[in-house]
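Here the structure of chain A is known, so what remains is to put chain B in place on it, guided by the hints.
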Amino acid sequence: MNALELKNVGKAYKGFSLKDVSFDLPEGYIMGFIGENGAGKSTTIKAILGLVHSEGDICVLGRDKKEITAVKEHIGVVLEEATFPDQLNLLDVESILRGVYKTWDQARFLALTDTFRLDRKKKIKDYSRGMKMKLALAAALSHDSRLLILDEPTAGLDPVVRDEVLDMLLEFIQQPDHTVLISSHIISDLERVCDYVTFIHEGRILFSMSKEALSEEFGIFHGGEAEVAALPREALCGLRRGKFGCEALVRRNCMRGNIPLEPAGIEDIMVLFVKGVN
Amino acid sequence: MRGLLKKDLKSLAQQGRVGVLLLVFYAVLFALGGNEMGSSPLMGMMAMLSVLFPITALSYDEKAHWDRYALTMPISRNMLVGAKYLLSLLISLLCALLSLAAGLLSGASPLGDALLLSWVMAGVALFLAAITYPIYFKLGVEKARFVFMAVFLTPTILLLILQQMNVTLPSGGGVQIEHILPFLPLAALALFAASYLLSCRIYAKKEF
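Protein sequences, first through last, are from chains A and B. Each residue of the first sequence is one higher than the last, beginning at 1 in this note's numbering. Each residue of the second sequence is one higher than the last, beginning at 1001 in this note's numbering.
Just so you know, the hints here were simulated from the structure itself, not pulled from any lab data. Idealized CB from N, CA, C, for every residue including glycine. Warning: the hint list may mix true and false statements.
Claimed, not checked - Subject to a maximum C-alpha distance of 20 Å in a straight line, what follows is the list of computed EDC-like cross-link-like pairs (lysine to aspartate or glutamate):
{"id": "1", "chain 1": "A", "residue 1": "LYS19", "chain 2": "A", "residue 2": "GLU36"}
{"id": "2", "chain 1": "B", "residue 1": "LYS1063", "chain 2": "A", "residue 2": "GLU81"}
{"id": "3", "chain 1": "B", "residue 1": "LYS1006", "chain 2": "A", "residue 2": "ASP105"}
Said to hold, decoys possible - According to the in silico footprint, chain A covers these stretches of chain B (three or more CB under 8 Å from chain A):
{"id": "4", "stretch": "1009–1023"}
{"id": "5", "stretch": "1059–1066"}
{"id": "6", "stretch": "1071–1077"}
Claimed, not checked - Sample of chain A residues at the chain B side, in silico, Cβ under 10 Å:
{"id": "7", "residue": "LEU49"}
{"id": "8", "residue": "HIS53"}
{"id": "9", "residue": "VAL71"}
{"id": "10", "residue": "GLU73"}
{"id": "11", "residue": "GLY76"}
{"id": "12", "residue": "VAL77"}
{"id": "13", "residue": "LEU79"}
{"id": "14", "residue": "GLN87"}
{"id": "15", "residue": "ILE96"}
{"id": "16", "residue": "ARG98"}
{"id": "17", "residue": "LYS125"}
{"id": "18", "residue": "ALA139"}
{"id": "19", "residue": "ALA140"}
{"id": "20", "residue": "LEU141"}
{"id": "21", "residue": "PHE273"}
{"id": "22", "residue": "VAL277"}
For reference, chain A alone in the conformation it holds in the complex (with noise of 0.2 Å):
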């Protein structure tokens, strides 16, 4: 079963706009999601969650987008710059979610909080980025949550606490009927966690594929501008040309012959696609 579908999902912004956005997340699997700045991955998941108005289909654990309310209590969500109100404090919110979720889980969320040493009596207003950041995780972390949806959840988080997060998130993975959503621009998170990556360019899905897939599929190609020119056209997605040389992404099955080539990070084949082959 899929955690969550996408099929043909448009979003019409002046200037920007999100078009054709389809791909399944199964069950039971970590989803990168990444793009940069702009791309449409915050347009994406706020449409998923309903924050925005979108045409297509969306399917979240099995229910429409018209219905999604009905199974909220199962999804977990941290948003960039979503939060609490200021004048509140880590226990206001305890009680605060206590009285939303039906399965609030309040050793947990208390548990949790510790362990990301977040202060019980300071008010938001004075947490950082990173401690509202900790606090929605905890907060998502502690109800029957069986899809967490995570916009940018590390950005503002220092490597240690990051580290910490993704450990988390395998933990919360453990579990069958478990699934990620996670955008992120530290790809090197992603690239420890996920099972699969779905890259989004200027609104549109460039691929949904797993991480196994993804290094099949594509490579890195070194050499001078002339070798370069030589490569079968179709092959290329992308160029960097350097001092010593060029660094080309290339699709593996479009390549002709036994040309060495190097395998291609998630980091890689997203700079060298937004980069174009121009």
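Okay, now just chain B, sitting in the frame of chain A:
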């Protein structure tokens, strides 16, 4: 709904304490003074406060992008709107009770009058909330502030202009204001309900 109300009450707690202290202070002042105006200035203040509190809650929400976050929880858009109306209802009720107590303590007015005054005050508070909310949900706190001021200043300015021009206002066709006064809060309540429905429609179209 319980969680949402808790959130507003908790985030308003600090300001609320100051507000209540202020009200109690004035209530005591009026009760002791027993001045000719009775408790009507106090009532006006309470009506204003019962609108200002929910608006303050709205501005906290807006600053934290709370709505965007709340809508990822098992909370529907209508519930989010409804919680604000419920908050207004609660605060209006509280203010009405306070003004009733002040009215009785001052001893200036008999029980019937004090009851009527509190009832009317609650009506004024609900009337103000009914007008304010749809504007706030439509425009957001920043822009709505100006519209809010305009809405409340216009009748005053109009009255002043009419007075300057020596226009006599219609006297109500012989109907004594005392006779219709008890029913005005009922009209305000109906307007409040209609306003809730309008706010829900406005909010349903919003994007976060």
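Hints versus structure:
At most 20 Å may separate the alpha-carbon atoms for a hinted pair to count; A/LYS19 and A/GLU36 meet this at roughly 16 Å. The suggested pairing of B/LYS1063 with A/GLU81 holds, with an alpha-carbon distance near 10 Å, which does not exceed 20 Å. Distance restraint check for B/LYS1006 and A/ASP105: the Cα-Cα separation of roughly 18 Å lies within the 20 Å cut-off, and the hinted pair is therefore satisfied. Counting residues of the stretch 1009–1023 of chain B whose beta carbon lies closer than 8 Å to any beta carbon of chain A gives 5, which meets the minimum of three for the stated coverage.
For the stretch 1059–1066 of chain B, the stated coverage by chain A holds: 6 residues have a C-beta nearer than 8 Å to a C-beta of that chain, and at least 3 were required. Counting residues of the stretch 1071–1077 of chain B whose C-beta lies closer than 8 Å to any C-beta of chain A gives 6; at least three are required, and the coverage claim holds. Annotation: interface hint on A/LEU49 holds; nearest CB of chain B at approximately 5 Å, less than 10 Å. Evaluation of the A/HIS53 hint against chain B yields a held restraint, the C-beta minimum of about 6 Å falling below 10 Å.
Hint status for A/VAL71: holds, given a least beta-carbon distance of 8 Å to chain B, under 10 Å. The interface hint given for A/GLU73 is met, as the beta carbon of that residue sits about 5 Å from the closest beta carbon of chain B, less than 10 Å. Restraint check, A/GLY76 versus chain B: the minimum CB separation of about 9 Å is within 10 Å; hint holds. Of the supplied interface hints, the one on A/VAL77 holds, with its beta-carbon coming within about 4 Å of a beta-carbon of chain B, less than 10 Å.
Contact between A/LEU79 and chain B, as hinted, is supported at the beta carbon level, the nearest pair being about 6 Å apart and thus within 10 Å. Because the smallest distance between the Cβ of A/GLN87 and any Cβ of chain B comes to about 4 Å, under 10 Å, the interface hint for this residue holds. Taking 10 Å as the C-beta contact cut-off toward chain B, the hint placing A/ILE96 at the interface holds, the least distance being around 5 Å. Interface restraint check: A/ARG98 against chain B, minimum CB-CB distance 7 Å, threshold 10 Å, status holds.
The closest approach between the C-beta of A/LYS125 and any C-beta of chain B is roughly 9 Å, which is under the 10 Å cut-off, so the hint is satisfied. Restraint check, A/ALA139 versus chain B: the minimum CB separation of about 9 Å is within 10 Å; hint holds. Hint status for A/ALA140 relative to chain B: holds, with the closest Cβ pair at about 9 Å, below 10 Å. Against a cut-off of 10 Å between C-beta atoms, the interface hint on A/LEU141 is violated, since the closest Cβ of chain B lies about 14 Å away.
Interface restraint check for A/PHE273: the shortest CB-CB distance to chain B comes to about 29 Å, outside 10 Å, so the restraint is violated. Taken as an interface hint, A/VAL277 does not check out: its beta carbon lies about 36 Å from the nearest beta carbon of chain B, beyond 10 Å.
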